[in-house]
Amino acid sequence: MITKLLGDGPDQKFEFALLQAEAKKVKDDYVMAEPAYMRAFEVADNDEQRASALHHLAKGIADKGDGDFFLPRLKTLAEFTMDESNDIRNEVRADIFQKIADMRLQVGHKPISVRGDLDRALGYTRWAPGVTRELCEKIIRQTVRIITSNRKETNEYGIDSFEDRLPFLQHLLDALEEGGPALIQCKPRTREEALAEMERDRERAAARDAEPEIKF
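Going by the numbering used here, the sequence shown wraps up at 223, each residue one higher than the last.
Read the hints as simulated data drawn from the structure, not as lab findings. In this text the structure is predicted, and so the values were computed from the model without any measurement. One or more of the hints may lead you astray.
The calculated EDC-like cross-link candidates involving lysine to aspartate or glutamate, where the alpha carbons are at most 20 Å apart (straight line), are [stated by the list, open to error]:
id, residue 1, residue 2
1, Lys106, Glu86
2, Lys145, Glu91
3, Lys106, Asp35
4, Lys117, Asp94
5, Lys34, Asp54
6, Lys31, Asp70
7, Lys20, Glu41
8, Lys82, Asp35
9, Lys34, Glu86
10, Lys117, Glu98
11, Lys117, Glu141
12, Lys34, Asp73
13, Lys71, Asp126
14, Lys20, Asp52
15, Lys31, Glu41
16, Lys71, Asp54
17, Lys106, Asp171
18, Lys117, Asp90
19, Lys20, Asp70
20, Lys71, Glu49
21, Lys117, Asp75
22, Lys71, Glu22
23, Lys66, Glu86
24, Lys31, Asp54
25, Lys34, Asp52
26, Lys71, Glu91
27, Lys31, Glu86
28, Lys71, Asp36
29, Lys106, Glu185
Quick list of simulated restraints, FRET-style, between CB atoms [said to hold, decoys possible]:
id, residue 1, residue 2, range
30, Asp35, Glu210, 20 to 28 Å
31, Arg140, Gln19, 29 to 37 Å
32, Gly16, Asp90, 44 to 52 Å
33, Lys34, Glu206, 47 to 55 Å
34, Lys117, Gly187, 28 to 36 Å
35, Arg172, Lys71, 14 to 22 Å
36, Ser120, Arg96, 42 to 50 Å
37, Gln19, Leu173, 40 to 48 Å
38, Gln19, Arg211, 22 to 30 Å
Cβ atoms here follow ideal geometry from the backbone N, Cα and C, with glycine treated the same way.
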């Protein structure tokens, strides 16, 4: 019956497999449902659907607060999302890393420890032509809240709460208010041009480092 309603195309097969996994999670638990989520991953028609299956698996675990079972699934999701060989739009990558930050907080990680996830999410928004104002604002404001509410905390490397980032984040919020995501984005904006520009930046930095030091 469900397949008749959804159809039998590639997208519908993935949606049906994901529905089965979600139902398995509700009926049994997230441990028993993991094979069903991986089945959805296998039948997915594209990398964004695969990332969605991994996210739903991790989210079901985070909802129960099982930090030990969650961590390896989180790592799989993060690595898959970051992999540049996977065809995932940067706005989708940004959304996933914002959700990773939320899930880490759900399982009891210190707020300051999710700064890296939010920084990565923000970085993706700046190279994402299709990103929404709402997602950009959510990421920036969440980062501001974490910094301002954890002024005396440090992360595992002893780095402080990054208060020096607040003026920059406020600048981004002002730009969003003035003109939307376009004003906070780097140019050029296509993924291919962005990667090429980033490579040129690395080459320029390497050239500067190779210059002989001038002593006075």
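Verification of the supplied hints:
| no. | hint | verdict |
| --- | --- | --- |
| 1 | Lys106 - Glu86 | holds (14 Å) |
| 2 | Lys145 - Glu91 | violated (24 Å) |
| 3 | Lys106 - Asp35 | violated (24 Å) |
| 4 | Lys117 - Asp94 | violated (32 Å) |
| 5 | Lys34 - Asp54 | violated (28 Å) |
| 6 | Lys31 - Asp70 | holds (15 Å) |
| 7 | Lys20 - Glu41 | holds (18 Å) |
| 8 | Lys82 - Asp35 | violated (24 Å) |
| 9 | Lys34 - Glu86 | violated (29 Å) |
| 10 | Lys117 - Glu98 | violated (26 Å) |
| 11 | Lys117 - Glu141 | violated (25 Å) |
| 12 | Lys34 - Asp73 | holds (18 Å) |
| 13 | Lys71 - Asp126 | violated (26 Å) |
| 14 | Lys20 - Asp52 | holds (9 Å) |
| 15 | Lys31 - Glu41 | holds (9 Å) |
| 16 | Lys71 - Asp54 | violated (26 Å) |
| 17 | Lys106 - Asp171 | violated (25 Å) |
| 18 | Lys117 - Asp90 | violated (26 Å) |
| 19 | Lys20 - Asp70 | violated (26 Å) |
| 20 | Lys71 - Glu49 | violated (25 Å) |
| 21 | Lys117 - Asp75 | holds (15 Å) |
| 22 | Lys71 - Glu22 | violated (23 Å) |
| 23 | Lys66 - Glu86 | holds (16 Å) |
| 24 | Lys31 - Asp54 | violated (23 Å) |
| 25 | Lys34 - Asp52 | violated (27 Å) |
| 26 | Lys71 - Glu91 | violated (31 Å) |
| 27 | Lys31 - Glu86 | violated (26 Å) |
| 28 | Lys71 - Asp36 | holds (10 Å) |
| 29 | Lys106 - Glu185 | violated (26 Å) |
| 30 | Asp35 - Glu210: 20 to 28 Å | violated (53 Å) |
| 31 | Arg140 - Gln19: 29 to 37 Å | holds (31 Å) |
| 32 | Gly16 - Asp90: 44 to 52 Å | violated (26 Å) |
| 33 | Lys34 - Glu206: 47 to 55 Å | holds (49 Å) |
| 34 | Lys117 - Gly187: 28 to 36 Å | holds (33 Å) |
| 35 | Arg172 - Lys71: 14 to 22 Å | violated (33 Å) |
| 36 | Ser120 - Arg96: 42 to 50 Å | violated (27 Å) |
| 37 | Gln19 - Leu173: 40 to 48 Å | holds (46 Å) |
| 38 | Gln19 - Arg211: 22 to 30 Å | violated (48 Å) |
Comparing the model with each numbered hint stated earlier shows that hints 2, 3, 4, 5, 8, 9, 10, 11, 13, 16, 17, 18, 19, 20, 22, 24, 25, 26, 27, 29, 30, 32, 35, 36, 38 do not hold.
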